[in-house]
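Enquirer: So you can see what is in the structure, the chains are spelled out below.
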Amino acid sequence: MNHTHMLGFSRWGIVAALAAFVPWLSLAGEQMTGRQIMDKQKQLHESKDEEFRQDMLLIDRNGNTSKREVENFYLKTPDKLTKTMIIFLSPADVRGTGLLTWEQKTREDDQWLYLPASGKERRIAASGKKNKFMGTDFAYEDLRPENLETHTYNLLGSEAVGGKDCYIVEALPSTDQEKAESGYAKRKFWIRKDIFLSIKKEFYNKQDQLEKASVDEDLDNVSGSMWRSKKVTMEDLKAKHKTVLATTERKIDKGVPDSKFTLRELTKK
Amino acid sequence: MMRFWTAWILSIFVFLSSASADEENPVSQWVKNHVKGSFRYKNFAHFYTTEAEQRTVRQEGIFRLEVDQTFQENWRFFLVPEWKADTANYTASPFQDFRDTYLRDSYFYLKEGYLKYRGDNFDVAVGKQFYTWGTGDGFNPTDNLNPRDYHDVPDREKLGIFSFAATYYPPDASLTLVVIPYFTPSRLPLAHSRWSPNPNSKSSDDSAFGDLGIPDDTTARRREMPGKRLDKVQVGLRAKQTFSGWDVALSYFDGYNTQPVVRVADNVARPRFNRMHVIGADFTTTSGKFEYHGEWAARLYESGRATSVLPILLGGMYTMDYDWVKDLGLDQILWNLEYVREVTLRKKFNDQYRESGVFDRPFQNSVLTRLTFKVDENNELYTSINWNIHYHRTDHHHDNWFVQPKFMHKFSDSLKVEGGWELFWGAQNSFWGKWKRNDRTFAKFTYFF
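First to last, the sequence lines map onto chains A and B.
If you read the first sequence in my numbering, its first letter stands for residue 933, the second for the next number, and so on.
If you read the second sequence in my numbering, its first letter stands for residue 26, the second for the next number, and so on.
Excised from the complex, chain B in its bound form (with noise of 0.2 Å):
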């Protein structure tokens, strides 16, 4: 608690310094010029108790700054450091190590930062990047390049990846080639926080994995993590052409899942980073009020360690903005509706891996939807619902549900305020039904400068 107040008293001078910075001094004129940044506050009540964690208030601070420069033309530096705290300690040391492999949130994190060169019809990037593959609005099965930080579930962050891209641009398209040299696992929850499928677990590293049958006289080990050779480097391709209305892209990763799976043998259970080929496409067109998408992805697994599927989801969005819909004081309604199937390639058949599927595998036969009200560009109201579908092949896919309406009020430019409830439905072994007890309300506050 002390460090989370000592982050926000931290974050609250550095930002009154820069504001009050005077206008003739040409380093605050740089600084109005290539930096921007924002404090955001965010408070999580829930509704109860668990096992694992008897707190019911969550309180967390971020302090961001971007900073942004173009240099000689072509040239473009971007960094964006992050200090974050929290009251549950999801955030612990003070830095990550080089490859972000720390289990915790650390107090300062770099969370993007490249150099990028801009030459005529391409654009090469070195450093730690986000990659947004995709055209899904709720979920892209094409977009495995960066880990996520699933502390906090429905909350979950993309994790920037160190990598090298580059992008050559002929007419109405694009073909991206991204090298990831060495590997970040995604964050998982805690063991024992409200979050984690496993409270019960012996170790943090497995704590993911629900229950997963492993005998009580296993040992559990630290995970195994791909070592640092020219082997396990990661590669990543997309071309993506724009035609007659539509832009289709296609897209393959040769690469590691960043979740693990548990290899159990000899009495040692350990955690395992298993490698993937996925080949991927997606397209996006519209038609009147309607914009359509659609995106799949065959996820194959070497040596049967995993199971190998082909997620496949087809959506779309509807802009509603008749005059009926004015009448009710809005400017407009927008409906995302996405169905998600998958479809099994090849079971697991090396009976020494155990997998969950809990964080990899979330939408097995689920509808994902969002229905937005915009009442003016300073508030809007949301409900997104993901309805995960009885689904008889696997135990854990009992009917579930995940139900966020929101609300969004901007008070200024500079200040704005989201606020609502995520409520979880489902029996306890199924996906979002694992975390009933975690109903909460939200209220995140950002300040912009």
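This is chain A alone, in the form it adopts within the complex (with noise of 0.2 Å):
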């Protein structure tokens, strides 16, 4: 048997073998469906409970400005479903106002609206998700966690932002519930390849035209695989007003407790 032969043919087979196989490799990750892209990134960056607080800089189109400063609470309970508790701080008109969230399986989320004025807390349609929130450029929708079970999720392409390769995912809403209840007929996710991490998003109104546009900057690895950003600024492209929202301090699976997000904290102030 002719060794060097055999070696010779082993080592050119093996080279030719892994010429092949390397491009597939690389592939490997664009063939990643959009779906599979989004569970990765909820199971790299979803977290127990989260507390922080929030400078929100509402800017208008001759950048007259107006700040508010929100603190925020997220659970997720042991069913896997979601509870959040915004409560404003600042300014003095609209101190202590609150919205409460109880995400449901099988039925429609309970959603209480407090405001201090009034007195009394006030359970309000859910469905109203398309709604701006208290004035800033980010309807209700876009402040709850992304439902995998309610969208479509295509893979589009990829593209480099701020120098770093992203996935562009195309979201659409799958069920009739949800296109009927959205503002959106589709959205468009930009996700670091490298972090599994949405850094930009647009927004399409149900006449498919880009209404909204966001950006996540300053991102931090807060623990783990886990990353957040900063700062997030929603631009409105038609109504030319933005949005810029400044995370002051952030504590991750600290426990926040069940007792946290009732009526009665709500109601606190």
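Calculated directly from the structure, the hints in this document are not laboratory data.
Treat the hints loosely; a few may be bogus.
[To be verified] Stretch-level coverage of chain B by chain A, calculated; a stretch enters the list once three of its residues show a Cβ under 8 Å from a Cβ in chain A:
#1 394–404
#2 434–445
[Unchecked claim] Derived pair list, reagent style DSS-like, types lysine-lysine, alpha-carbon separation capped at 30 Å:
#3 B:Lys372 - A:Lys1201
#4 A:Lys1183 - B:Lys435
#5 A:Lys1111 - B:Lys351
#6 A:Lys1133 - B:Lys351
#7 A:Lys999 - B:Lys469
#8 A:Lys1192 - B:Lys141
#9 A:Lys1008 - B:Lys314
#10 A:Lys1172 - A:Lys1133
#11 B:Lys441 - A:Lys999
#12 B:Lys57 - A:Lys1201
#13 A:Lys1200 - B:Lys435
Glycine residues also receive a C-beta, built at the ideal position from the N, C-alpha and C atoms.
Mind docking these for me? Both chains are given alone in their own frames, and the hints should help you get the complex.
Expert: Structure below.
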């Protein structure tokens, strides 16, 4: 047996096999489906609970600004449903205003709004997802965790954003209820390939026109594989109005208790 | 007028003093973190003079502070002092008495002030407090704890009540006990103001009754207040539970109606306050773009001194956020619609007592509705309508209306203006119709700091 030949053959064979395999390896990521990318994002960045403070800067088309300070709480319950609470700390005319939402699996979410002037909480129809949240450019649905079960996700390709290679994933409402309740015909996410985090989003209205765009900046590796952006800018392109969300404090998985998400807490002030 | 402008100047001085405080100063830091406030200017311009009041313009200034201090994690101290002045002398004395029984408002007033302890699953609070029971939007049959200030009827405000409150919080529920040790009456319209249903009254105490058929030779006496005794203590209980998308509450109140009836005996007429037992329930739920709610309360009087009634309210709110709404340049349209029907449980049978129900039972067969056009967070238009439908069994309930178109604009986070019209229709002896010469425009400016 000619070992040299054999070795030579084997060597070339291995090189050839590797040469054929490497492009396939690099394609492996590309060939993840949109849903797989979204699943991966959720797996890497989802927390059990969070508590954070944000400054909301509202900028109109003339450059006039107004600032709001909010406190956010988030909890993933043992049955994988979310509870969220948003409380306004300033300015004075909205201080104490709060919104409490309990996600439900088989029925509409429970949602209560508390306005200090009225002195009582009010159960509100949670279907108003498309409405702007307290004068910001964020709709109520933009502030909720992504519901992977009510959307179809398509991988559209790749593109670099800020020098970082990203997947472009399109999200389309897939259920009749989501189609009826959402203000969007589709959304596009730019998701960084290295950390699987959305850093840019586009929101298209029911006429399929680009209505809003958001950019996430100042990314922070908060824990393990978990990243968060410290600054999100949402722009309403038609109204030429911007909202900048700057996170000033954040605590992740520090054990926000279930008792934080109650009507008692909502109406505390 | 002089006192009004003095209060204005004083308010601005106090505001500017705090606004210009040194940021480094620990006192100004404390103020920044624990004190907020507002200055509100109201202007009401009536279209007509009335027999009772020739004045057509009334101005009012209110300076309010809110002091909120939490200490040792579980304790909270909350205080809302208010300074008020107006040009129609609805405000007169420097202070209220401890029981808040003066007929006019005072220049200085503690609107709210309590100390609260917060345990793991209970709260205990003592002091002057507000309670907001019920789910109705325009009318709350179960909400009987706090008196109201009816000096300006459409602008009526709740008054705080000195009380002890304890709430226990089981999961998704609450159980509240309220104890009110002494009685505070509602402030009824002044005898010779344009809001008095009986402007020719001999006594300011019986101004709110309209024509009760009291003989001319009757001597009017001051109202008789419930005494400060243990058996006069008022008690309220409310249990609330949230389950499967519903909020349901049951309530009970054993206390006094804050509005009096008149006892006529031996040629003496004297306003008195009736003890009542109110057993109530309310609910709210949502479905799609609808919120539904209902509220009813059996109001039972002792010894037949007033008619025992059961007002029932059913209503809902519809949120319109369709694309056509956006195309109109609106964020959303909200439509509140409520129907109130009062059922008589037991007619008054004690002939010594005269009741009018002027403020006590305003809605006996009524539609209450409000349409809100929300342009954005800074601009909103509203139209509120109260329609009392002709009701054969009582004379004073011919069809009558109150309509309030209103707009709100925020110049900034600190400055808000509201303006609009308040219009009344109906026969002179109907609930809203008796004020049909009180049609007016209003403007309210509020500065928050």
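Enquirer: It remains to establish, for every hint, whether it holds in the given structure.
Expert: Evaluated hints:
no., hint, in the structure
1, 394–404, "holds (count 3)"
2, 434–445, "holds (count 5)"
3, B:Lys372 - A:Lys1201, "violated, 42 Å"
4, A:Lys1183 - B:Lys435, "violated, 34 Å"
5, A:Lys1111 - B:Lys351, "holds, 17 Å"
6, A:Lys1133 - B:Lys351, "holds, 22 Å"
7, A:Lys999 - B:Lys469, "holds, 24 Å"
8, A:Lys1192 - B:Lys141, "holds, 18 Å"
9, A:Lys1008 - B:Lys314, "holds, 26 Å"
10, A:Lys1172 - A:Lys1133, "holds, 17 Å"
11, B:Lys441 - A:Lys999, "holds, 16 Å"
12, B:Lys57 - A:Lys1201, "holds, 17 Å"
13, A:Lys1200 - B:Lys435, "holds, 26 Å"
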